[in-house]
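Colleague: The chain contents come next:
2 protein chains.
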Amino acid sequence: MFLCDIGNTSYHFFKNGIDFKEDTLNFNPLAIKEKIFYICVNADVHNILKHLDNWINLASYIDMQKYYDTMGIDRIVACETISDGIIVDVGSAITVDVVKSDVFEGGFIYPGLKAMGETYKNISPALSFSFNFECDLDIMPKNSQDAISYGYLKTLKSEVLSHKMDIFLTGGDAKIFAKVFPSAKVDEMLLFNGMKKIIKKAQLC
Amino acid sequence: MFLCDIGNTSYHFFKNGIDFKEDTLNFNPLAIKEKIFYICVNADVHNILKHLDNWINLASYIDMQKYYDTMGIDRIVACETISDGIIVDVGSAITVDVVKSDVFEGGFIYPGLKAMGETYKNISPALSFSFNFECDLDIMPKNSQDAISYGYLKTLKSEVLSHKMDIFLTGGDAKIFAKVFPSAKVDEMLLFNGMKKIIKKAQLC
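Keeping their order, the protein sequence lines are chains A and B.
The opening position of the first sequence corresponds to residue -1 in our numbering, with each subsequent residue numbered one higher.
The opening position of the second sequence corresponds to residue -1 in our numbering, with each subsequent residue numbered one higher.
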């Protein structure tokens, strides 16, 4: 089974237990000749793939009434994967979604690591630091690097923890963010597991 | 008494109970001939003002040992104004500082309204919304505009409220953010009050 999760910046492939990435700007999907199941949030890539018969869009096999119209398919598939919990998917954006008893309860979107670094840098050169993931989020900072690190990470942490649910951490930066959410279950393959579940349910394979 | 608080983007003047702003890129400080007390976080402007005898930098009259080296003078003056509480200063950046029994306990920096709007827009055109300040932050969102509004505003709110202190809201966007912090004391003149306190203590006027 060949799977692909397409984000804003990359194709994320999964085949025979191995995953690899290709850049959305450079990769030509015509290079894939075999049957491949995909989900895609990138409008440009979506317009190419819909004309390719071997690329099967899994969005068609999900009960979309449980979700809202403009919700990203990656968030929807992640929600389909779990029954109860809060999913934190850290990519170019960070999406946070709550599922209770198999029902999507809502979610929010927060900037990813690269985007937020640019943000602080653009506000003032005095804030042009990388984020310090070793920063102690239990005490208020007294230096500039920790002041932006806490501003970015602790605000997110406070909100996620306030829901008092099991945390599922996934996405390209999941391992880095495990320092912020030490109690989280880290599963970088969460989306692929969700895709397999949908394929099985729809008897596509 | 003529006062000026200089930020990254504007000169904020205060004289005879009236405040007004000038752009840092266009305003010529030589236009002010009388004695004026100022604080300044803008390095370029600072380099001009230090050569002008009638511009008095109040930074010289504060006990800086209570604070950290690279901390913005605007944050320091705000902290000098109160004895107990959490100050949320919403400008091009949002600074959040905690003071307990006249002692600075630390603080963090979060992106301002304009900077964070740009951030979401740059991540994806699908996130190019203005923030909805009417969004109910007590329920998880089920539409894209509220998903970014909640992501920006509720994370900040959760963290600020977790300190369980009186909230002092100031800065150019204070009135807009009063919707996020309904219990806050809104005081757009907080910094000028801090400056007056320093001038009085140092017997400068």
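These are computed hints drawn from the structure, not numbers from a lab.
Any given hint might turn out to be false.
Intra- or inter-copy, both count: the list cannot distinguish identical chains.
What the hints assert, rightly or not - Subject to a maximum C-alpha distance of 20 Å in a straight line, what follows is the list of computed DMTMM-like cross-link-like pairs (lysine to aspartate or glutamate): (1) 140 - 103; (2) 199 - 164; (3) 33 - 103; (4) 194 - 67; (5) 140 - 17; (6) 199 - 67; (7) 140 - 61; (8) 13 - 100; (9) 155 - 17; (10) 155 - 136; (11) 48 - 171; (12) 64 - 116.
Colleague: Now tell me, hint by hint, if it's right for this structure.
Modeller: To see whether the hints hold, each was checked on the structure:
no. : hint      : verdict
1   : 140 - 103 : between (37 Å within a copy, 8 Å between copies)
2   : 199 - 164 : neither (25 Å within a copy, 53 Å between copies)
3   : 33 - 103  : neither (34 Å within a copy, 59 Å between copies)
4   : 194 - 67  : neither (23 Å within a copy, 53 Å between copies)
5   : 140 - 17  : neither (41 Å within a copy, 31 Å between copies)
6   : 199 - 67  : neither (22 Å within a copy, 59 Å between copies)
7   : 140 - 61  : between (49 Å within a copy, 16 Å between copies)
8   : 13 - 100  : neither (28 Å within a copy, 60 Å between copies)
9   : 155 - 17  : neither (28 Å within a copy, 38 Å between copies)
10  : 155 - 136 : both (11 Å within a copy, 17 Å between copies)
11  : 48 - 171  : neither (29 Å within a copy, 45 Å between copies)
12  : 64 - 116  : neither (35 Å within a copy, 30 Å between copies)
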